[in-house]
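Residue numbers (our numbering), protein chains in the order written: chain C, 153 to 491; chain D, 3 to 723.
Treat the hints as calculated values from the structure; they're not laboratory data. None of the values given here were measured: they were computed from a predicted structure. Treat the hints with caution; some may be incorrect.
Said to hold, decoys possible - Calculated pairs, BS3-like style, for lysine-lysine (alpha carbon to alpha carbon, straight line, at most 27 Å):
| id | chain 1 | residue 1 | chain 2 | residue 2 |
| --- | --- | --- | --- | --- |
| 1 | D | Lys81 | C | Lys206 |
| 2 | D | Lys107 | C | Lys211 |
| 3 | C | Lys265 | D | Lys413 |
| 4 | C | Lys216 | D | Lys619 |
| 5 | D | Lys606 | D | Lys668 |
| 6 | C | Lys402 | D | Lys619 |
| 7 | C | Lys402 | D | Lys94 |
| 8 | C | Lys275 | C | Lys265 |
| 9 | C | Lys206 | C | Lys402 |
| 10 | D | Lys619 | C | Lys438 |
| 11 | C | Lys265 | C | Lys206 |
| 12 | D | Lys413 | C | Lys343 |
| 13 | C | Lys332 | D | Lys668 |
Claimed, not checked - With beta-carbon atoms standing in for the labels, derived distance ranges:
| id | chain 1 | residue 1 | chain 2 | residue 2 | range |
| --- | --- | --- | --- | --- | --- |
| 14 | D | Ser377 | C | His454 | 24 to 34 Å |
| 15 | C | Lys206 | D | His461 | 30 to 40 Å |
| 16 | C | Val451 | D | Ile453 | 52 to 62 Å |
| 17 | D | Asn49 | C | Val451 | 39 to 49 Å |
| 18 | D | Ala142 | C | His454 | 33 to 43 Å |
| 19 | C | Pro264 | D | Tyr421 | 45 to 55 Å |
| 20 | C | Gly295 | D | Asp76 | 17 to 27 Å |
| 21 | D | Ala574 | C | Ala461 | 20 to 30 Å |
| 22 | C | Glu203 | D | Gly500 | 45 to 55 Å |
| 23 | D | Gly500 | C | Ala461 | 27 to 37 Å |
| 24 | D | Lys80 | C | Lys206 | 22 to 32 Å |
| 25 | D | Phe187 | C | Asp252 | 16 to 26 Å |
As the list claims (entries may be wrong) - Which chain D residues stay away from chain C? Per the calculated CB distances, all over 12 Å, these:
| id | residue |
| --- | --- |
| 26 | Gly48 |
| 27 | Arg62 |
| 28 | Glu131 |
| 29 | Arg144 |
| 30 | Gly160 |
We treat Cβ as the ideally placed atom computed from N, Cα and C, and that holds for glycine.
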Amino acid sequence: MTCMQARGEVKYWPGVLALALLTGGAVPLFAQPAQQAADTSPYAGSNACEECHKQGYRKFATSKMAKVFFEAPRNELESRGCEACHGPAREHIATEHARDAARAAGTTYKGPKSSEFIIRFGKDVPLSTEEQSARCLQCHEKGQRLFWSGSQHESRGLGCPTCHQIHQKPQTTMVAASFKEPLSDNRLFAKNTQMEVCFECHPMRRAQLQRSSHMPVREGKVTCTNCHNPHGSPNPKLLITTTVNETCYKCHPERRGPFLWEHPPVMENCVNCHDPHGSSNPQLLKIRAPRLCQSCHSVSGHNATPEPATSRYIFNRSCTNCHSLIHGSNSPSGSRFQR
Amino acid sequence: MTQRTTKTREMLKILALAILLPLAAFAQDDGPQNGSVVVGVRALTGNWSSSQFNEYRDIRPGFFIQRGDFSLNDLFQKKLFLNCQTRSTLRKDSDYRCAVGQYGKFRLEFNWDDTPHDFTNTATTLFTESAPGVFTIPTAERLLLQTSATNTPSLLTGAQPLNMSLARKLGGGRFTYTPTAHWTFLLQYSREAENGFRPLGTTTNNTTNILELPEPIKYRTDNARLGVEYGADRGGFQAGYTASIFTNDISELVWQNPFNTVDALSASSQGRMALYPDNSAQAVDFAGAFNLTKNTRVMASITPEWMRQNDAFIPFTINSAVTGVPTLPATSLNGKKQTLAMNFTLTSRPISNLELTARYRSYDYNNDTPTLFFSNYVYTDYKLAGLARQSVPYGFNSKDIELEAAWQFLKGQSFKLGYQFENLGRQHRDVADTHENTGRANLNLNPRKWISLTSSWKHADREPQSYVLNNDTYPQGGNGQFPLMMRFDEAARHRDQGDALLQILASERVTITAAYSTLQDRFPETRYGMLNDRTFAYNADVAYQLNSNVSLFANYTVEMDRSDMASRQRSATNDVANNDWESHTSDAIRTVEGGISATGLHEKLTMDVFYNLSYAKGNIATWALGSAAIPGFLVTTAQNYPETSNRINGVTVDLRYRLRNNVTPKLEYRYERFGNTDFQTSPMMPYMVGLDSGTSTSLFLGATVPSYAVHIVSAALEYRF
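Bound-form chain D, shown alone (with noise of 0.2 Å):
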């Protein structure tokens, strides 16, 4: 059915229904409300078939119900209660809730979740999945490829569209027990699955063949709880148990070479790579707090968690040309991590408007998986490495040490100062400890009734205490990272923070607010690597009533990431800083929204009129620092990246008419826009050798973000019963 018929049917259905249902509607009576329901018909026109405008939701022509709900109360006399509710029902975002209770006894509820997720509607594919995970290309058709790259084009005329989205199914429920106002008893278990696929890229023979496939999900989740909790005026405790066990249907992606169909040393007639191993995790978690005295509370929660993971290895490669492959030196990984997170807070009144507030906190990541020493491995199922490689269980482990003073000098004014140490260990790591000391401090004025001020303020520096190359994963060498190079999470760093928020209570009709807020991380001993990150965010924001009827707002975002690094061009035999290039990066971002409600007719008719936009530019520009003139220049690629920008917008307006009490018919029109330019995936395509000659034998989804302009009418009728 074309999109143009489909919009001239659901027209139809939209004036029938927008027609009928409010007649047949006179009918009902009004009276006590146990619940409500909203149905409509709907029309679209445009291209509503793209994958961003469906991205997590699904929005199609035709009947729906919008939502509904009910409750009923004292059901067989015994004070027991049961309310549904639902939303996009029997679409694939629904959602449906019920639970079933006596009111401050139990509680029993179920859930259930649909949630998509549309990555693309662009993609196409030579490959068929022949079974879970394991995709092939017909041997006519890689023979065809393997004689000459030059028939790619014409082959790929007849590559099939995939469907690249996942459907997440979430069920669960939830039993609640309180025999008494002091105790609570939980018991939850759900049941999570997803299923579908996403575009994965997987590179064989080196770079010689990037293949990007569809990474087949089938993934299920169980997550299990059990609690307990004590409450009484002085203090209380909660204790639980909580199980996650993910399971993989499908351990390993397994894919032919289309441009090669015989092993050969170097030339790998297939792929494979693990996908994501099953694991599960148990925790239990204490938690209490006590009244020391009327003014001082100490809390505290210590919650230990274990990880396991044991799924078998795949072997070193699928390429049967590599010989002498060494053996593994295990079957499975037996991976074993034990967190432990504690926290102790104190916190305390001496006088009435003086709050003094201490914590401590640890956290430790032990990862007691066991070192693997792998003499050697196989190099994307191209050939032997010739180099060891060894796995090595990183781990951390943070103190934290707070202490805060708020002082509420006068009623809704208040000034806080906070001191905050950290020292974080790592193992395996370039850094082995830093400590970071921050200070900050907040301050709230209220002076007049109609103004207030909320601001804060947050200094922090970090401080590795040596920084040496870390090289415990390559034990034969062949890391070749650079050694000037610092990676920014465990850099020295000095980090500003702060935002304020005004509101202005300008008159009984006009409220205004301004906020301001920024993130500027600098790297000061940094020469290589991240040198600076900063961000910042103005808002302003507007609401106007106009009379009893009519209100106005409107308000405006501006928000800027930028950031620099630098780095140098390398070869084995020139490194030298005339190679040197830096690269600035820069997103700016402007939200605006605005709108105006109005009520009419005795405030039974309800109108609004709602404009939003989200409009982005991303910029990144790179430069040689170096200069050509020297010999041994290398850096001549150095280029500005063409300008990213997407945009988001849209307009609605929607009018309700409450006809009765219990009957508001609806009218609804929207229309959404969405813009995309991005070099990296605008020009996407499934052979990409017209941009970058080395991609001959390589073959791609042609998985672009597609933009989109929707127009969606909707007639709907929300009856309370």
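Extracted from the complex, chain C is given alone in its bound form (with noise of 0.2 Å):
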């Protein structure tokens, strides 16, 4: 299937009504009084999928864009339905037909595939991931999805169906093995959770969230995209915002500053110190302090020194018992970040 046809512009149409006659069958479709304005169009109406898709129509007909879909559309291709992702049914509905007809017959189909005359998604069918991206491109390339194009997960092969369907049940994970989730009621996920979805790829994510040193991830306070935008971002690292610290101020606003005194690689980037994915170190410290501290700092006295481990620069927080406020300090006499 071509790229045209993946944006719904299929016309097969006349091609449908040659093989209805060549089967002999009467296309029952064709002869529904209501249907009768519509002849010349390849769009057969939801209505018409939802009897031989009675599943699939059921589970589509609760989510939020069936709704809109179906109880008010707001242009167009809303009002399409099922057609506005499927594109047009009609041919694909009168191969239906005459497949039928030809069993009714006893004689034996030789036609086309129904299938090839409906837009599929998934990973097994004949449109690209970009193909069936597209389709949903048509009304979701805004907000979030923006900057989907170009992005580092689409530039991969990543499409809508990689991590998203509609109309089938998600994959189940064993509950007591997800990670809770915070409240949402987006619930179109190719797995039971966003973060399930992740894992798929980011099967590391998975291993470090679990370190003892984390954020609330796992209770379900926090999820992947608190902080990222899979579908696209102009940021680094898919970050929702500007930079890796306007990530953290969301939670973190009192190290915004600006403070009298300010610790350079702090205001400049938060993971040049923590690891916001988990650590076993306290504090989501990439490295234990003292060693952290360290790495840039040596002067005369206690910084340069190797302690033991039972020295009061070592123990509990280390350098932090003293220089406690490091983030950053307003006070006159906290330059060295003691007050």
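Now that you have both chains on their own, put them together as the hints suggest.
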């Protein structure tokens, strides 16, 4: 199927008429008076889809998308219902009917498959991921998807159906093995939870989030999309804000400053010292203090001394036993972050 | 009530609920479902009062509402909807969310989120908070301590336990209006309050009196956003205004020195420090995208932000005996920063299987905060430091150019090449200008339906144009920084980063995943400071569908973090290479998960058994590079630190029986265990003189990270209505 077909420009419908005549079947769809006016249209309407695809239709009907499509369409595309995404269905239906007719007549149907005349989504379908995504982007190339084109995930061959599904039940993950997630009404994921979707390709993150020093991710207070926008972002690391620090300030605005005495690596990038995805060191530190501090600081006195483990410069919070305002101080006597 | 009594009582409740609720539920009819609720009772045994067990959650014995939700549609026959959700209802970690609206038209959403954060449950102190942010000790006790430090242990037996935890409460609302499919308007507001205490180190009189205190937290943050978006076939734009106002109700911390009741030079009776000042940030954001042609799209975003802080300064010292203290050069900072982030992206598909992308990113961090010159200052309320200090407005700007070509040579198979150049300019730092060149490649292969490989590699070279020790903060000297020490965030660096993910559908029933990732930083021109920092991670994951009723899975991950650094122990008169030393840090973390999920009795009964383990070990080895035989050898305390380890593991057995379509009783057993051995936190007590004799006039909180082992049994009922 070509890209043009993916964009809803399927022009096979004259063939349907010929096929229907050849098989000698009276295509009931064409006989319905209500459809008379639409005879020239390649679209069949969503009700026709429901006749055969009851389960998928029922699942879709509960979604927000269906509520808009079926009850409050805002433009012509939305008013097409199922066919807004799957393309015009008349030829698909006619083919099915032709096959039914052949079966009823006791002959073997030798025409094309009905699936060739409908746009399908998923892995094992003729349409490329990009072409499938193009269907979704007809409506969704805004909001968080504004920067989808050329984004990290898009350019590595991922598309909307890689993570989302509309009709199918998500692949079940063991309840006990799932991380909790913040409350949301977005349930159109290919897996039980959003995080399970991300872990599919980022399994190390799943392990890292289970370390002893962690943000409340597995407790369901924070999730991947609190910091990252997987749909594409102009910012580094697909962050939803302009920098790492801006992202951290969302929950830690007290560290924003400006301060009288600033600690440059702190001000520049929180991940100079912290690993937000989890650490086995206290306070999400990448390296345990004092070695973390000593990788930059060596002055005469205790900073440059490899103190023993029993020293007050080492136990408890090490350097920050005294230099506790390490994120910045606003005291005139705080140039060493002690006041 | 003892935990044993609680256990018995809760067990009875569980039994009652397990028997009665399912029977009661039989009376319910199947029908259209608009919501669900999961309620139950829970019993716990073990040390479930551990702060680590409760770190971000609230698991208590007794009745609980695990979650609930309901949705109503076509309200008042006007296509209105209402849906509400809750989780951990009425607990310290509860969540609530309610939305009302009209599909495709408008939506009004409210949410409430409680998040606890327990730091430790072992902290005790002699201090009491006599006023917000003011910590005092009765004079009689101080006099005893001043008389002789040997009185300390007996006095500390009367130390009071502290609740070292924070409670975050976030409430907010969001209104979106979509008059047409093209336009969306947004109005959002939230307020977050954060209250409680967390451990904070303080020192008074140089390091004579290290006094660990509970830092009082009384924060409030107001966030508001206004936004508009237009989207059409050929592109769209977004614009918004965001404001964030942070308020700290306790702007300073004052404490009495337990070991000194009268101010004297070099012997202050009190200490004072500034806590986080109020601040504000406002930002305007613009983003737009436009399809120049059918296959070419240009995208841009521009976000200027303004940050302000102008809290009044506290005086240099609270020690009345320090004389000659200079006048403050200003009463407040008048801190101003302006950032400007600009991103421009052009992406095009000249042919259907080739995507070319060019990006330009500029980020300016302009610090317009005035420079203040302090002719002198008071060091830890001890005495005048005798040296000037100057606050300097650190700032930086980065400019990135990025080019990428992604070629999809077969369906689902692609190769991507990219190049990035970054120019980073910094103000008032050791390196004024840095260039970094990055090359990267990605390969996605999917040669058969049953196998796929995604991989990437990146190599980056960072070159500081010059490295000159910056002393702007120290106009009269006193930095003391070792001039050959290079700060790792500015030093020359070679970075290699790679990852690979192999997914194999071995059969209809078996899926195997293997992954590898590494990040290796080397600092080739650094003799002192961080020399290298390397991480490696391996993962294997197997899922096996035994039959339509039974599935198993297991995964195993090994992560290793290693780094090396070098330094030199020095004194004012001894600065020789024979006192160089090195240190190697290594952390190894193993994560194991495995489980079985089985259904039976016509898919009515489901049982999950799940095991998880995260086991981390850390080592720091340190050795002198010089020889003790050479005179002036100082590095006598270089030693390997004791190994640290922490282990989180658990077993969960979860049974669910679908009694009716809308009624599912559940029974769950969980065992959770956390073990922690840490030379830094495990030995902590309020008085540490046994470990370090230099702390005879210091007090700590005794804040440890306690281990725990807890059994949790819960019975719950899920009811759909």
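The hints, checked one at a time:
About 23 Å separates the Cα atoms of lysine 81 of chain D and lysine 206 of chain C, which keeps this hinted pair within 27 Å; it holds. Of the supplied pair hints, the one linking lysine 107 of chain D and lysine 211 of chain C holds, its CA atoms being roughly 22 Å apart against a limit of 27 Å. Restraint check for lysine 265 of chain C and lysine 413 of chain D: satisfied, since their Cα atoms lie roughly 22 Å apart, inside the 27 Å limit. For a cut-off of 27 Å, the pair hint linking lysine 216 of chain C to lysine 619 of chain D is broken: about 48 Å separates their Cα positions.
Straight-line distance between C-alpha atoms of lysine 606 of chain D and lysine 668 of chain D comes to about 12 Å, which keeps the hinted pair within the 27 Å bound. Proximity of lysine 402 of chain C to lysine 619 of chain D is assessed by CA-CA distance (about 32 Å); at most 27 Å being required, the pair is judged violated. Only pairs whose Cα atoms come within 27 Å are accepted, and lysine 402 of chain C paired with lysine 94 of chain D is accepted, the gap being roughly 21 Å. Of the pairs offered as hints, the one joining lysine 275 of chain C and lysine 265 of chain C holds, with about 19 Å between alpha carbons and a cut-off of 27 Å not exceeded.
Restraint check for lysine 206 of chain C and lysine 402 of chain C: the C-alpha separation of about 45 Å exceeds 27 Å, so the hint is violated. The suggested pairing of lysine 619 of chain D with lysine 438 of chain C holds, with an alpha-carbon distance near 14 Å, which does not exceed 27 Å. Taken as a hint, the lysine 265 of chain C and lysine 206 of chain C pair is honoured in the structure, with Cα atoms around 20 Å apart against an allowance of 27 Å. For the proposed pair lysine 413 of chain D and lysine 343 of chain C, the alpha carbon gap of about 24 Å is at most 27 Å, so the pair holds.
Restraint check for lysine 332 of chain C and lysine 668 of chain D: the C-alpha separation of about 18 Å stays at or below 27 Å, so the hint holds. Distance hint for serine 377 of chain D and histidine 454 of chain C: a CB-CB separation of about 27 Å, consistent with the stated range 24 to 34 Å. At about 54 Å, the beta-carbon gap between lysine 206 of chain C and histidine 461 of chain D misses the expected band of 30 to 40 Å. Between valine 451 of chain C and isoleucine 453 of chain D, the C-beta spacing of about 56 Å keeps the proposed range 52 to 62 Å intact.
Restraint check, asparagine 49 of chain D to valine 451 of chain C: a C-beta distance of roughly 43 Å satisfies the suggested window 39 to 49 Å. The beta-carbon spacing between alanine 142 of chain D and histidine 454 of chain C, approximately 35 Å, falls within the hinted interval of 33 to 43 Å. Taken as a hint, the range 45 to 55 Å holds for the pair proline 264 of chain C and tyrosine 421 of chain D, whose Cβ atoms sit roughly 46 Å apart. Look at glycine 295 of chain C against aspartate 76 of chain D: about 26 Å separates their beta carbons, and that is inside 17 to 27 Å.
Against the hinted window of 20 to 30 Å, the Cβ-Cβ separation of alanine 574 of chain D and alanine 461 of chain C comes to about 27 Å, which satisfies the hint. Separation of glutamate 203 of chain C from glycine 500 of chain D is about 52 Å and conforms to the stated range, judged on CB atoms against 45 to 55 Å. The supplied range of 27 to 37 Å is met by glycine 500 of chain D and alanine 461 of chain C, whose beta-carbon atoms lie about 35 Å from each other. Remark: the range hint 22 to 32 Å for lysine 80 of chain D to lysine 206 of chain C is upheld by a beta-carbon distance near 28 Å.
In this structure the supplied range 16 to 26 Å is violated for phenylalanine 187 of chain D paired with aspartate 252 of chain C, their Cβ-Cβ distance being about 49 Å. No Cβ of chain C approaches the Cβ of glycine 48 of chain D within 12 Å, the least distance being about 18 Å, so the stated non-interface status holds. For arginine 62 of chain D, the shortest C-beta to C-beta distance to chain C comes to about 15 Å, beyond the 12 Å cut-off, and the non-interface label holds. In this structure glutamate 131 of chain D is separated from chain C by more than 12 Å, as the shortest Cβ-Cβ distance comes to about 18 Å.
Taking the minimum C-beta to C-beta distance to chain C, about 21 Å, the non-interface status of arginine 144 of chain D holds against the 12 Å cut. Look at glycine 160 of chain D: its CB is around 22 Å from the nearest CB on chain C, clear of 12 Å, so calling it non-interface holds up.
Violated hints for the displayed structure, listed by number in ascending order: 4, 6, 9, 15, 25.
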